[in-house]
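> Numbering (the numbering used here), first residue to last: 4 to 336.
In case anyone wonders, no lab produced these hints; they're calculated from the structure.
Incorrect hints may have been included.
Said to hold, decoys possible - Distance ranges between label pairs, derived from CB positions:
1) P88 x V269: 44 to 54 Å
2) N187 x H112: 38 to 48 Å
3) K304 x D203: 21 to 31 Å
4) L119 x K21: 35 to 45 Å
5) A205 x N315: 32 to 42 Å
6) G93 x D203: 44 to 54 Å
7) V269 x G23: 34 to 44 Å
Said to hold, decoys possible - Here are the simulated DMTMM-like pairs of lysine to aspartate or glutamate, each with C-alpha atoms no more than 20 Å apart in a straight line:
8) K208 x D196
9) K38 x D94
10) K118 x E307
11) K115 x D99
Predicted model, so just to flag it, every value in this text is computed and none were measured.
We put the CB at the ideal spot given by N, CA and C, even for glycine.
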Amino acid sequence: MSGTVNRQILLVEKPSGKLGPEHFKMVEGTVPEPKDGEALLRVRYISLDAANRAWMHGATYRSAVEANSVMAGGGIAEVVSSKAPGLAAGDIVFGDTGWQDYAAVPAKHLNKMPKLEPLTHLLSVFGIAGLTAYFGLLEIGKPKEGETVVVSAAAGSVGSIVGQIAKIKGCRVVGIAGGADKCNWLVSELGFDAAVDYKDGATFKALRAAAPKGIDVYFDNVGGDILEACLPQMNNFGRIACCGAVSQYDGVPSAHGPRGVPGLIVVKRLVMQGFIVMDFMKQYDSALAELQGWVKSGKLKVQEDVIDGLANTPKALIGLLAGENRGKRMVRV
4 MSGTVNRQIL LVEKPSGKLG PEHFKMVEGT VPEPKDGEAL LRVRYISLDA ANRAWMHGAT
64 YRSAVEANSV MAGGGIAEVV SSKAPGLAAG DIVFGDTGWQ DYAAVPAKHL NKMPKLEPLT
124 HLLSVFGIAG LTAYFGLLEI GKPKEGETVV VSAAAGSVGS IVGQIAKIKG CRVVGIAGGA
184 DKCNWLVSEL GFDAAVDYKD GATFKALRAA APKGIDVYFD NVGGDILEAC LPQMNNFGRI
244 ACCGAVSQYD GVPSAHGPRG VPGLIVVKRL VMQGFIVMDF MKQYDSALAE LQGWVKSGKL
304 KVQEDVIDGL ANTPKALIGL LAGENRGKRM VRV
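Assemble the whole structure, with the sequences as input and the hints as a guide.
See below:
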């Protein structure tokens, strides 16, 4: 690979407020040489997630992203060359490639992916987004037919799939999203029973009208005020799957809340559990097979938001944090 340029996007400064383009810069480096046990990858698609912003605050389930380092992020990549058993040129893998053209990554940190088209589905419905929705709802939320399921950030990559799976399981589904257009899309295109526009400023009242029999399962992607609005409306023995807290990631979080913890959890005997999708990867094959079946039958619709060009990755993440996307957002490198 001598003579080939490796474009990289660095996080040059950790933001103290909202994330902006000034916190990134693109540089050109050399293509790395893989060491023993590593594979050289050509990145094809970069996954954009609210968690990218959380990593800038500090260590989570992974180490923090430090200033003046390649911005971290998962990606679908093609193996260029390999010094690791089990991987060969042409294989498709998922791993923490970072925001760059090429990466040398230990094989033990890579997941070999099935070769299917379009490759974008390996980041959306058949990737981390789809698996997070699948395991979070079915393993943590444990919805039963006829129950009411509420999901926040419902027009996003995970939430849009959560709602559709809940409908497949025979539940009444209410999505919480920002803006009338997104709410209309959830109902008219994805089959949600109702949608609540949190930007209207009357989330609690609108949620009560949309879920008059209370909430049995709440899939929480946002935390903060919306979690606070859901807690009093949970039915006894309800389940809350805590997937993310995007309301806390960018800018100034709400001054309080969610209030009602632990009182409402005790009184209503709620189960409130956080999870990471990697907790369930032993069940990957069966989950993938079921997701593929639902997509093939048309029961599960796939919505992807693909942005072209590595240089546009910072802008695309900033836009995601502002709620610009519908479904899974990614960058074609």
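> Can you give the numbers of the hints that this structure goes against, from lowest to highest?
none
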